[in-house]
Amino acid sequence: MSNVILNEKYMGVVDDTDKFINDIIERRRTGKIPNNLNICYNKEFDEIHIDTTKGRARRLLIVVKDGKSLLTDEYVEKILKNELTWDQLVKQGIIEYLDAMEEENTYIALSEDDLTDEHTHLELSPITMLGITTSLIPYSNFGSSSRLIRGSKIQKQSLGLYASNFLIRMDTDVSILNYPQKPIVKSFMHDVIKQDKHPAGQNVVIALMSFSGYNMQDSIIINKGSIQRGFARSTYFRPYQAEELRYSGGLIDEIGIPDKEVKGYKSEKDYRLLEKDGIVYTGAKIDGDSVIVGKTSPPRFLGELEEFSITASTRRESSVTIKHGEKGIVDMTLVTENDEGNKLVQVRVRNQRIPEIGDKFASRHGQKGVIGMIIPHEDMPFTETGITPDIMFSPHSIPSRMTISHLLEILAGKVGALDGRYVDGTTFDSESEESLRNNLFKLGFREDGTETMYNGITGERYDAKIFVGNMYYLKLKHMVANKIHSRASGRVQLLTRQPIEGRGKGGGLRVGEMEKDCFVAHGASLLLKERFDSDKTILPVCEVSGLMAIHDIRKDIYISPVVGENSDVSNIELSYAFKLLLDELKSMCIYPKLVLKSKY
Amino acid sequence: MFDKLFEEYKHLPKKLLDEVREESELNRLKSDEVKKVLKRIEKEYNSAQITSGEAIGIITAESFGEPGTQMILRSFHFAGVSELTLTSGLARLIELFDARKIPSTPTSTIYLTSDYNKDPNKAKQVAVSIKQTTMDEITEEFVCNLTQQRVEVILDKKKMRDLKITENYLEKTLSEKLKKVKVKQSGDKIIIKPDGKEIALSDVYQVKEKIKELSIKGIKGVNQVLPIKQANGEFVIFCDGEDLGSISEIKGVDIKRSICNNPFVIAELFGIEAARNLIMDESTNVIKSQGLDIDVRHIMFLSDVMTNTGKIRGITRSGITSEKDSVLARASFETPIKHIINASLIGEQDNLTSVIENVILNQAVPLGTGLPNLVAKMKDGAFKSKKK
Chain F
-7 MSNVILNEKY MGVVDDTDKF INDIIERRRT GKIPNNLNIC YNKEFDEIHI DTTKGRARRL
53 LIVVKDGKSL LTDEYVEKIL KNELTWDQLV KQGIIEYLDA MEEENTYIAL SEDDLTDEHT
113 HLELSPITML GITTSLIPYS NFGSSSRLIR GSKIQKQSLG LYASNFLIRM DTDVSILNYP
173 QKPIVKSFMH DVIKQDKHPA GQNVVIALMS FSGYNMQDSI IINKGSIQRG FARSTYFRPY
233 QAEELRYSGG LIDEIGIPDK EVKGYKSEKD YRLLEKDGIV YTGAKIDGDS VIVGKTSPPR
293 FLGELEEFSI TASTRRESSV TIKHGEKGIV DMTLVTENDE GNKLVQVRVR NQRIPEIGDK
353 FASRHGQKGV IGMIIPHEDM PFTETGITPD IMFSPHSIPS RMTISHLLEI LAGKVGALDG
413 RYVDGTTFDS ESEESLRNNL FKLGFREDGT ETMYNGITGE RYDAKIFVGN MYYLKLKHMV
473 ANKIHSRASG RVQLLTRQPI EGRGKGGGLR VGEMEKDCFV AHGASLLLKE RFDSDKTILP
533 VCEVSGLMAI HDIRKDIYIS PVVGENSDVS NIELSYAFKL LLDELKSMCI YPKLVLKSKY
Chain C
112 MFDKLFEEYK HLPKKLLDEV REESELNRLK SDEVKKVLKR IEKEYNSAQI TSGEAIGIIT
172 AESFGEPGTQ MILRSFHFAG VSELTLTSGL ARLIELFDAR KIPSTPTSTI YLTSDYNKDP
232 NKAKQVAVSI KQTTMDEITE EFVCNLTQQR VEVILDKKKM RDLKITENYL EKTLSEKLKK
292 VKVKQSGDKI IIKPDGKEIA LSDVYQVKEK IKELSIKGIK GVNQVLPIKQ ANGEFVIFCD
352 GEDLGSISEI KGVDIKRSIC NNPFVIAELF GIEAARNLIM DESTNVIKSQ GLDIDVRHIM
412 FLSDVMTNTG KIRGITRSGI TSEKDSVLAR ASFETPIKHI INASLIGEQD NLTSVIENVI
472 LNQAVPLGTG LPNLVAKMKD GAFKSKKK
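Residue numbers (my numbering), protein chains in the order written: chain F, -7 to 592; chain C, 112 to 499.
So here's chain C without its partners, still in its complex pose (with noise of 0.2 Å):
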């Protein structure tokens, strides 16, 4: 309707415009009031963009940094109350900025296909295919039969047809993952024989233990699952491991809403936009259970920050402070000797652009009131040069 109108103020973000038209569609602006809407979205846009100079690094840090103080002192945990643990607070929050590969508590939310998402049965179906089963869950006993120097497995079978395992289903498997081994089925009993002549007793033993924690069915590291039943009606699987492309695999699973919590493996399945957009959302979540508020903007320019360059670097010594370009900048945070060491090998200059390096030589930081010069037009004659 307005697309003229619009055209002018293209250089706003489209997410703001397109709100602009649907409010104003909606309660039937007239042209001349859009473009005051849009004289005033544009003045107030302008006013909250961040100026030159603003030393925005250091305000982000000590916005974390202050509230940060006080999580030490909060930080409640429940104490094992929960069927599912999660690292919280503080140790989570250091965790996710200094990007460790592997969560302490790798969790995943999967989210179902639409055809399986409603009933709370078919949930559960999926579910109990993505929870791992061990051979220790089906199993009666494990018999060391000395004599004959094989492994006899006494099933469950209540608890197999619970799991939906058939004998059949549990030979075929055995003998996929089991190797150097004989694996056949009699009755009740699932009988392992290890291969070769001359079959040591320790051999016997160690074949037993082997297929105690054998895994047969469902995504390793998924020892809990917890479906549950969201306010909009849909049912939403939390389980612990981090294994999303497996889980993928598995049917009713919609892999492109289920997240899990590592964004080393959010930005391996779904690029580094989507890893960026976890850092964010988890840690949004942390600065919210303690009861503290840190703007977004701040949660956004570290998530940026850690991100940009299409990989995942935490707020390390080996991660964005080892690739800041000055020496005197990395020195001054962790192991300075290393870091002039290596510099002075390869002659490296530093050319004092930042704050820290300035600070070290009790310079003015180019940021605020240090980064304007006086530019005066002289007058023709009024500055001599030496040269003439």
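Bound-form chain F, shown alone (with noise of 0.2 Å):
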């Protein structure tokens, strides 16, 4: 006797629990129930569900009956031969979905040869374990488990061929790498998801080996003449928008070259770039702060235009400029109507990004690093055959992190250029190290991937024999050019006086809490002092009654609050903030009153 409850709602009860279940999963195997159906036994609560929903993940598996995959030799041969399709094996109940609910109920062989009588089902292959980012790093079975997690992350932010109309798209924030390789050193996923058609980084040929000190940690060194060849060269989009929006009083934006007479007219040469219609045309050099689509807003109050103005028409500047601190090239214009019918103009820039200092990227194994030297060609060790790495990788970082995928892929994609074919990296179904090396060895090179260099600059012979192979290298989407700030003097907030927050505003780099201790500590009190300034000011305060006075610029003279004009007032230097805590301790009736004393 157990409740069925389908799809959350109770339906009933049966007698015999067994047999319902059996019933319904044999009719749904023999294709007389639909296959998207999962049923199962809660024992604890005597309940049985049915599911049907849609929504649910589900995973396939072979079904196994009296310990025996229902998967035989025979139907493999018959697939082999294109004689049986996916859909007909799921149809004669071979392979089945399963949801989360319904597997709770299995018992699951990982291979077949750990099969008894008591298992259910066999998993497919152990890579269905993996998702799809994951499969797609080779060797992945022979590297830490943290690492492959950082590795399917980093995957995501490659940059690539990430869509085929990317030309007549409007998306934010992407890049296109302008170069983008297949791997030699593939997994069967690549051929999956059909990477080849939208590739995300480079074969590069690597060493590792430190070089001058400028890949210590995570940093890489990269040859120069790689990135002339146009090794991670990438192309930035960012469109830009601006939109005619309507007020209340039949008032509205209007594109278009801005007149001399309008408010916040910014200069003749800003506006250089503008054609008649008022957007920038296609190809325009665009830096600094020139327009790219002109715009005039009517006036913000329409009494302010009665009372004061003499002309009628006095609009304000409204138009769309260029990110602070960017630079690039118009790509496309657009000229559409948004979902109001207003008239909307969208422009992207597009800039060239050439590797440099600081750009990040990454191998497929969680490896990641920014460069931290550009090298020329000919200052680059080279090997006996004369070959020059693309990237100096630092050899520290393998031992503490366990990647021996990594090293593997080097290996592979050495035999894989050499040979000149793709090499199967697939995670538990790989290329053997020993097929590897011994293919290797019958091409004249060192069995273990190691040659003799010469360092580029002297010509003599490193004592260590390098480590130097091919590698598929990811550009990551973390570029300085989006990163870089500085300040020395700009905006700052109106209340607190002190410089604004953020990179897109110009504002400052906050010396902080801690910051402020180090000062301390190490006793550069005058220095502290000095970082401090940004809010500093002259206040007039009264002797007598500790208050700020009132400075009357006009008469030049003080006015105590409390002792009025005649009252010794002694200017004092201090942070604005603090004469801001003074003004609340008011608001709160407490008398914060300042005794004052000459410091020398």
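In short, the hints are calculated from the structure, not lab data.
Since the model is a prediction, treat every value here as computed from it, not as a measurement.
There's no promise every hint is true.
If you anchor each label on the Cβ, the simulated ranges turn out as follows [stated by the list, open to error]:
id: 1; chain 1: C; residue 1: LYS125; chain 2: F; residue 2: SER478; range: 52 to 58 Å
id: 2; chain 1: F; residue 1: GLU36; chain 2: C; residue 2: ARG368; range: 55 to 61 Å
id: 3; chain 1: C; residue 1: LYS235; chain 2: F; residue 2: GLU96; range: 48 to 54 Å
id: 4; chain 1: F; residue 1: SER481; chain 2: C; residue 2: ALA385; range: 55 to 61 Å
id: 5; chain 1: C; residue 1: SER163; chain 2: F; residue 2: GLY538; range: 29 to 35 Å
id: 6; chain 1: F; residue 1: GLY538; chain 2: C; residue 2: LEU482; range: 52 to 58 Å
id: 7; chain 1: F; residue 1: LYS475; chain 2: C; residue 2: ALA385; range: 51 to 57 Å
id: 8; chain 1: C; residue 1: LEU403; chain 2: F; residue 2: GLY496; range: 38 to 44 Å
id: 9; chain 1: F; residue 1: GLY350; chain 2: C; residue 2: ALA385; range: 52 to 58 Å
id: 10; chain 1: C; residue 1: SER163; chain 2: F; residue 2: GLY496; range: 44 to 50 Å
id: 11; chain 1: F; residue 1: ALA92; chain 2: C; residue 2: ASP273; range: 49 to 55 Å
id: 12; chain 1: F; residue 1: SER481; chain 2: C; residue 2: SER163; range: 34 to 40 Å
id: 13; chain 1: C; residue 1: ILE431; chain 2: F; residue 2: GLN485; range: 33 to 39 Å
Capping the alpha-carbon separation at 20 Å, the derived lysine to aspartate or glutamate pairs in EDC-like fashion look like this [claimed, not checked]:
id: 14; chain 1: C; residue 1: LYS449; chain 2: F; residue 2: ASP575
id: 15; chain 1: C; residue 1: LYS435; chain 2: F; residue 2: ASP509
id: 16; chain 1: C; residue 1: LYS290; chain 2: C; residue 2: ASP314
id: 17; chain 1: F; residue 1: LYS578; chain 2: C; residue 2: GLU459
id: 18; chain 1: F; residue 1: LYS571; chain 2: C; residue 2: ASP461
id: 19; chain 1: F; residue 1: LYS508; chain 2: C; residue 2: GLU177
id: 20; chain 1: F; residue 1: LYS508; chain 2: C; residue 2: GLU173
id: 21; chain 1: F; residue 1: LYS508; chain 2: C; residue 2: GLU165
id: 22; chain 1: F; residue 1: LYS571; chain 2: C; residue 2: GLU459
id: 23; chain 1: F; residue 1: LYS589; chain 2: C; residue 2: ASP461
id: 24; chain 1: F; residue 1: LYS261; chain 2: F; residue 2: ASP281
id: 25; chain 1: F; residue 1: LYS578; chain 2: C; residue 2: ASP461
id: 26; chain 1: C; residue 1: LYS146; chain 2: C; residue 2: GLU118
id: 27; chain 1: F; residue 1: LYS585; chain 2: C; residue 2: ASP436
id: 28; chain 1: C; residue 1: LYS449; chain 2: F; residue 2: GLU576
id: 29; chain 1: F; residue 1: LYS508; chain 2: C; residue 2: ASP314
id: 30; chain 1: F; residue 1: LYS589; chain 2: C; residue 2: GLU459
id: 31; chain 1: F; residue 1: LYS585; chain 2: C; residue 2: GLU177
id: 32; chain 1: F; residue 1: LYS528; chain 2: F; residue 2: GLU557
id: 33; chain 1: C; residue 1: LYS435; chain 2: C; residue 2: ASP461
From the three backbone atoms N, C-alpha and C, an ideal C-beta is built for every residue, glycine too.
Relying on the hints, combine the two individually framed chains into one complex.
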């Protein structure tokens, strides 16, 4: 006697629980019931749950009967001969889809050798436990799991050909790798997802060595020659938009070159790139403050216009300019209308990004790093055959992180590049290290992948044999050009008179609480005072009442709020933030009295 | 031997001088050689001293703070493996520096007097007498006899023999500890009957529950004892609980050497200096166990700050921070409104003598470069006073 629940709704009771469940499963396998139905028995509550709803993640398993896999060699042969399709296998009940709930009632074997009579299902392959990005990592069964996770995450950040119609798209903050390549070392997943149609990296020659000290920690050294040949060049796209907004009273924004009478008119030079319709021409080189779309808005308050203004229309300038500190070339312009039927102009700006110090790169094994130095081709170390590496990667990154897969990919990449073939690095099912070593030996190289190298500057031979090989390298979307920031002086906040926050607005770099402690710990008091001078003010203070005095500039007299005009007032230099604190205290009816004393 | 020489250097710490004396006697140094040594030591000692204007408070704070951030990431714990689980890592450090009245895992290390500390059986004997024994442990069954309105306790004779508890002792302690009941011994049972004419059934039940938890022997809070042989062959008892006062009364315990991990108990029993040492030792242990290295002088300084008033004060808003002179300094730590309002009620004055209040006002902090002022000797008449 068990309760039957269908899609979270109580349906009734069945007497023979096991028979009921077995019947349903049998019918599903024979195709009498749709295969998207899953059934599960909850022993604790004595309930049978049947689920046919959509949105459940389900996974596929081979059905096992009496300890034997239903997918026999016969079927396998038929599949190989293309006589049997996947759908037919599912229809015949050899393979079935289970959701997380039904999986609770099963006993799944990982490999066919493990099968016992108790098993109900068999895993198609152990790689089904990996997702798409994880199975894209070659030789991943030789790496540590934490690095595998990082590797999967990193691949999502790599630049490549994210969509083949990128030329007509208006995506924000995207990049296209200019010369993407297929990886030499692939896994089965590269074929499944047709990765060669949208590759995301480039094959490079990599040497595991330190050089000149610029690849310490996680930084890498890049060959300038490789960059000049086009390695890791990408194009960065950023769309800008301008809208003709409608305001109350029938007023509307106007896209076009603003008149000189307009309030806030920039300068003729800034509008020089605009065409007659107020939109830049395609191909225009933009940097600094030049306008992309000229626009004027109606005056903010109508009353203001009637009372004070002589001319009837003082429209405000509200043109769209490029983001502070960026530059580029206008790639495409688009005129359309938005949901409300207002005119909408979109301009896409393109910017070529050549690798520079600070750009982030990674292999597929969670080994990420930034460029520490770009070294001219002629100064790079070279091998006996005259090969110079594109990238030099610190060998210290390997032992503690245990990414053996990284090393194997270099070896496999080397074999692939020299033998002119793709190497299969599918997890659990890859070409063996032994076979790679033999192949490399036959090609006339040392079987362990190491080579004698010579210093490119002095020509001396290195005592150590250097591990050199080919590997698929990814350029990640984090580029210094988008992050670099510095400021000497600039805008301040209205309330506190301290510098504003944020890179986009040209804000200050904060000397925070802990940084302050460092100054104090070093005894650098005067330097600290200077660093915190951004909001310093001169404050007139009445010496009798200890309150802020008022400075009447026209009469040039100081007025104390308590004593009046004839009081002793001293000018004090302190932070504006403290003046605010005093004001706040006064608002709480606390009398903050400053007692003045000469410091010297 | 070199008394006269050492007299010259008596401004150096006694410990240093004693060491020099011992070493020079051992190596048969001559008088001028000892003088050389002392001269060098004086130089090193002076150069190791902190100069005035050095921000030792912040340096200490940073010396704890920087490795402290790593402690969160690295804190590994022994998941219920050992018999005595101890709070360790950052949690213990916070507990110590906050000066919590009761540590989350109170433990004691008990040393034994010389006639007890060599023999494992004697050590065990002391350990058994320290360990708390409840009625529950030596009882086979508690029976509520409802018809006669009494509780019958059927004793576990074997357990009692092991723990050396006699029936007479049991009867005595039970009648001492339980009030409003009559305790009677009959065979291997102990019968407990509540007093009074009208006895409700619930009273009988309550008495039964009460005696279950009743401690009949040992020290309260000590549930586990672990006699351990140390490297020098001496037996030491590790146990939980912190009632050193009661433990000291037990025969065989050398209270002079025994310690617990609660500075407050130590301060009460042995004085504030001992508590300072305990704070130092405990925090050093935590830091060492995490594989970190903080200079002793920082730990010493922190323990000094916590104990220098004769009372243990934690580094909290109710501890040392509450005793800062400056209103602004207190307000900038925690609960600013409370401090500002209280200061305004009594008209407190802030003399701006410390670090944080000068940072708030953007004045030079009186430390390092902000400390010295220029004092120039002026020629007469070079500086005319306005008053003249």
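Here is what the structure says about each hint:
1. C:LYS125 x F:SER478: 52 to 58 Å: Because 57 Å falls inside the window, the suggested range holds.
2. F:GLU36 x C:ARG368: 55 to 61 Å: holds, 57 Å
3. C:LYS235 x F:GLU96: 48 to 54 Å: Check passed, 52 Å falls within 48 to 54 Å.
4. F:SER481 x C:ALA385: 55 to 61 Å: holds, 57 Å
5. C:SER163 x F:GLY538: 29 to 35 Å: With a Cβ separation near 32 Å, C:SER163 and F:GLY538 satisfy 29 to 35 Å, so the hint holds.
6. F:GLY538 x C:LEU482: 52 to 58 Å: Violated: the Cβ-Cβ distance is about 26 Å, outside 52 to 58 Å.
7. F:LYS475 x C:ALA385: 51 to 57 Å: Distance hint for F:LYS475, C:ALA385 holds at roughly 55 Å.
8. C:LEU403 x F:GLY496: 38 to 44 Å: holds, 40 Å
9. F:GLY350 x C:ALA385: 52 to 58 Å: 56 Å Cβ-Cβ, so the 52 to 58 Å window holds.
10. C:SER163 x F:GLY496: 44 to 50 Å: holds, 46 Å
11. F:ALA92 x C:ASP273: 49 to 55 Å: holds, 54 Å
12. F:SER481 x C:SER163: 34 to 40 Å: holds, 36 Å
13. C:ILE431 x F:GLN485: 33 to 39 Å: holds, 35 Å
14. C:LYS449 x F:ASP575: Holds, at about 18 Å.
15. C:LYS435 x F:ASP509: The hint holds at about 18 Å.
16. C:LYS290 x C:ASP314: holds, 13 Å
17. F:LYS578 x C:GLU459: Satisfied, since the Cα-Cα distance of roughly 16 Å is no more than 20 Å.
18. F:LYS571 x C:ASP461: holds, 16 Å
19. F:LYS508 x C:GLU177: holds, 15 Å
20. F:LYS508 x C:GLU173: Judged against 20 Å, a Cα distance of about 12 Å means the pair holds.
21. F:LYS508 x C:GLU165: holds, 15 Å
22. F:LYS571 x C:GLU459: It holds: about 19 Å lies between the C-alpha atoms, which stays within 20 Å.
23. F:LYS589 x C:ASP461: holds, 13 Å
24. F:LYS261 x F:ASP281: holds, 10 Å
25. F:LYS578 x C:ASP461: holds, 17 Å
26. C:LYS146 x C:GLU118: holds, 12 Å
27. F:LYS585 x C:ASP436: The hint holds at about 17 Å.
28. C:LYS449 x F:GLU576: holds, 15 Å
29. F:LYS508 x C:ASP314: Roughly 67 Å separates the two Cα atoms, so the pair is violated.
30. F:LYS589 x C:GLU459: Within the cut-off at roughly 17 Å; holds.
31. F:LYS585 x C:GLU177: Not OK: F:LYS585 and C:GLU177 at ~39 Å, beyond 20 Å, violated.
32. F:LYS528 x F:GLU557: violated, 26 Å
33. C:LYS435 x C:ASP461: holds, 11 Å
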